[in-house]
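Novice: Whatever position you read off the sequence shown (first residue = 1), add 537 for my numbering.
Please keep in mind that the hints were generated in silico from the structure rather than gathered at the bench. Glycine residues also receive a C-beta, built at the ideal position from the N, C-alpha and C atoms. Worth double-checking, as some hints may not be accurate.
[Claimed, not checked] Listed next, with one range per pair, are the computed distances between beta-carbon atoms:
#1 715 <-> 578: 18 to 24 angstroms
#2 695 <-> 626: 21 to 27 angstroms
#3 684 <-> 574: 26 to 32 angstroms
#4 658 <-> 558: 25 to 31 angstroms
#5 696 <-> 627: 24 to 30 angstroms
#6 600 <-> 633: 47 to 53 angstroms
#7 739 <-> 581: 48 to 54 angstroms
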Amino acid sequence: MKADAATSSRGAGVRRDQRDATRARLLEGAVSVLIEHGVAGTTTLAVQERCDVGRGTLLHHFPTHADMLSSTVTELAHRNEAFVEAEADRLSSVTDPLERAIRVMANVASQPSYLAELELWAVSRTDERLRAALRTSEHGARRDHDRVLADLFGDIADQPGGTTVINLSIEFSRGLALSGILRRDPGKRERLLCEWVAAAKVLVTSTLKQGAEQC
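Please model the complete structure; the sequences and the hints are all you need to start from.
Specialist: Below, the structure is given as structure tokens:
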């Protein structure tokens, strides 16, 4: 009996590993199709063909199209996190920590994986099911998102005005990335970056002064 139980347990473990591996492969395929062809091109059929699986296999892991699309958020977040780390290393020569953090964020937002996530947001405007699924996925990724920002901005987050600067930098980076899709003007992009870095420094500095005066 013990031998039978052990064999059954091992069999269940193998099947679980196989299911996890299949799901990971489907997710990787969905993300690749999304980045290459956009939301409109990320159909269940396209993902089936990319991963060479049957429709039943895909539906087992992702019952709806919205489930499949929203599930890509986690993988996109992992790719964006990896790029944050790589970009922070690449810009290590930028001595001002606030400027470095803002530039890293702006560069990350212009990457295909980040733009793909923004595209999902835009499409969900008229797709209630996708919007609900995305909210759930984004909520699940919130802890990792906050950790990445904390590592990137460091002590700035603890300064008066630091949280405001970080939040505004996120919105600035998204807007800059979206406008860059239609208007590819490196010179203007650099000017806007420099202007926001300067404004962010003023915001942090002025908030510090106000705090000191109140004390």
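Novice: Look at the Cβ atoms of residue 600 and residue 633 and judge whether their distance stays inside 47 to 53 angstroms.
Specialist: Check passed, 49 angstroms falls within 47 to 53 angstroms.
Novice: That 18 to 24 angstroms hint for residue 715 and residue 578 (C-beta), does it hold up?
Specialist: 19 angstroms, holds
Novice: If I claimed the Cβ atoms of residue 739 and residue 581 lie 48 to 54 angstroms apart, would that claim hold in this structure?
Specialist: Because 50 angstroms falls inside the window, the suggested range holds.
Novice: Could you tell me whether the CB distance from residue 684 to residue 574 stays inside 26 to 32 angstroms?
Specialist: 31 angstroms, holds
Novice: Hint says 24 to 30 angstroms; check whether the CB-CB distance for residue 696 and residue 627 agrees.
Specialist: The hint (24 to 30 angstroms, Cβ to Cβ) holds, given that residue 696 and residue 627 are roughly 25 angstroms apart.
Novice: Taking 21 to 27 angstroms as the hint, is the beta-carbon distance of residue 695 and residue 626 inside that range?
Specialist: 23 angstroms, holds
Novice: Residue 658 and residue 558, beta-carbon distance inside 25 to 31 angstroms?
Specialist: Since residue 658 and residue 558 have Cβ atoms about 29 angstroms apart, the given range 25 to 31 angstroms holds.
In summary, the structure agrees with every hint in the numbered list given earlier.
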